[in-house]
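There are 2 protein chains.
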Amino acid sequence: MASDPVSPQQPDPAAGIDPAAAPAVRRLALIGLGLIGSSVARAVKRWNLAAEVVGHARSAATRETALALGFVDRAEADPAAAAAGADMVMICTPLGTYAALAEAIAPGLKPGAIVTDAGSTKTSAIRDLAPRLPEGVHLVPGHPIAGTEHSGPEAGFAELFAGRFCILTPPPGTDPAALETVRALWQGMGMTVHEMTAEHHDRVLAITSHLPHLIAYCIVGTATDLEAQTREEVIKYSAGGFRDFTRIAASDPVMWRDVFLNNKDAVLEIIQRFTEDLTALQRAIRWDEGETLERHFTRTRAVRRSVIAEKQA
Amino acid sequence: MASDPVSPQQPDPAAGIDPAAAPAVRRLALIGLGLIGSSVARAVKRWNLAAEVVGHARSAATRETALALGFVDRAEADPAAAAAGADMVMICTPLGTYAALAEAIAPGLKPGAIVTDAGSTKTSAIRDLAPRLPEGVHLVPGHPIAGTEHSGPEAGFAELFAGRFCILTPPPGTDPAALETVRALWQGMGMTVHEMTAEHHDRVLAITSHLPHLIAYCIVGTATDLEAQTREEVIKYSAGGFRDFTRIAASDPVMWRDVFLNNKDAVLEIIQRFTEDLTALQRAIRWDEGETLERHFTRTRAVRRSVIAEKQA
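Listed in order, the protein sequences are those of chains P and B.
This note's numbering puts the first residue of the first sequence at 13, with every later residue one more than the last.
This note's numbering puts the first residue of the second sequence at 13, with every later residue one more than the last.
A couple of the hints might just be wrong.
Note: identical chains are not told apart, hence a pair may lie in one copy or across any two.
Straight-line Cα separation of at most 30 angstroms, DSSO-like style, residue types lysine-lysine; simulated pairs [said to hold, decoys possible]:
id, residue 1, residue 2
1, 57, 122
2, 57, 323
3, 57, 248
4, 248, 276
Rather than coming from a laboratory, the hints here were simulated on the basis of the structure.
Assemble the whole structure, with the sequences as input and the hints as a guide.
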């Protein structure tokens, strides 16, 4: 209800590519044209970050939409056809598709091509992609921390990434020029780019993103199981907090299934901590420990102030 | 990030009081001038729902703010002085204050006065208020399902309630005219008013509001306990879902402490169900049960559509 105090900012040209310069990427192939892929395509077109954008989508309807909306120059049903000859290939499909996609596109990749992705878990991305790519192709895994609960090619928009963070997790020995090209692409879309190891990324995102989604899916499921009359009322009176969870729990089911399966250890570890903390609060409620509750609730308020200070609210 | 598709609507005059008519309430006393009390005051002024608004706040700073912003005609340090002679007294303070407030205001209440409230749990409101009010004073407990994570007299705004639901939980035998007056007041602020028993209200709100807040407080607490470096990163990368929880977990600590202490049974019951469901999801992740996860995540998507259909998104 409270309006978001930080609206997505337009990319800062100083932070990105000189708009007058030629695009840093000649041909960009986007594998997957859902929320993320189609937003990248729109941003790349808007800020002239690649000379040509080729897209792959399995569904004919998505390919038609992409061509009709004009955010790709060409749409291919075969991922290998989209990736062949591209200077950069960005995988924007659920994590469970990575291994098969890498097998499919590998033979047609041009020497010196960059393969990157936008997936939410990074150790699994490296595990599934690295061993399948040919010598001379550069892997630079990435994760733009941005999204909405909407899915599909119509849901994308060019400003999705502006003012947000992108994490790159280059494996040791990554080609510096390839890393720089991927970094410049996200910066050109208005993102602040950070680097860290894939393992560290997966631990941090387990708490900032994976656990919140699991919890939201869980609580909405709990409500769905209530007797029918109560369930209707839960929806009617959702403005008391529940509706924010329904928004998160409306995110793409296949994408999130794959996130949990591919970041299992970090997610299970953080669920364990969360459950312990919930049990402590539950116990405080049962034993009327008002001070414990108030102390806990006061402490968490400060975190909100930090989020606002970091302009991520 | 996605903008709220339903902006608060202006109250529909057909649903409320005829704006040309005299206000239905002559003198309204608001006990507590935080987010809710000050929003009620502003709405009452804006739509001329009471001839006079008197406010009570313990803090001198709040009273000064209320007078400076002009949403009360008079501000009293003593709740009894604010309530004395009022036609309607609305309690807008944390639930833990109700019993003492009722003791304090009871002697000065005028015969036929209506006492109502805006608290989040209703069996406790009746338990703490009813036995302390004199004969001839009408108790009509209420709960406007609206709020933000902000607190205090500056945080209020007249449109807070517009387009939302208000639940009234009149005990058996409540005076119909008093009930109608309270109903008309909330309708005049743009709310749709429903009636149910206090017990039913508390069960429904345990899932739509109390559990979501507890979970949000919990997950933000879990993140706060991480080692310092990770904690900084959790804030930086909060756009992945976590930031929505930090917003909810920034809600007023004392108000929420009192909610949990005063709706203990319903909250403990729903935590139990939630924990069982979370354990099932945790197990599905551990055992790579992708189908179970996908089925669960698909089911919850439908709930979001219902929330949007009910215009509560």
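Status of the hints after comparison with the structure:
In this homomeric assembly, residue 57 and residue 122 come within 30 angstroms of each other (Cα to Cα) only inside a single copy, at 23 angstroms, whereas the closest approach across copies is 70 angstroms. In the homo-oligomer, the alpha carbons of residue 57 and residue 323 lie at most 30 angstroms apart inside one protomer (26 angstroms), although the nearest pairing across protomers, at 35 angstroms, exceeds that limit. In this homomeric assembly, residue 57 and residue 248 come within 30 angstroms of each other (Cα to Cα) only across copies, at 28 angstroms, whereas the closest approach inside a single copy is 41 angstroms. In this assembly of identical chains, residue 248 and residue 276 lie within 30 angstroms of each other by CA distance solely across copies; the values are 23 angstroms between and 35 angstroms within a copy.
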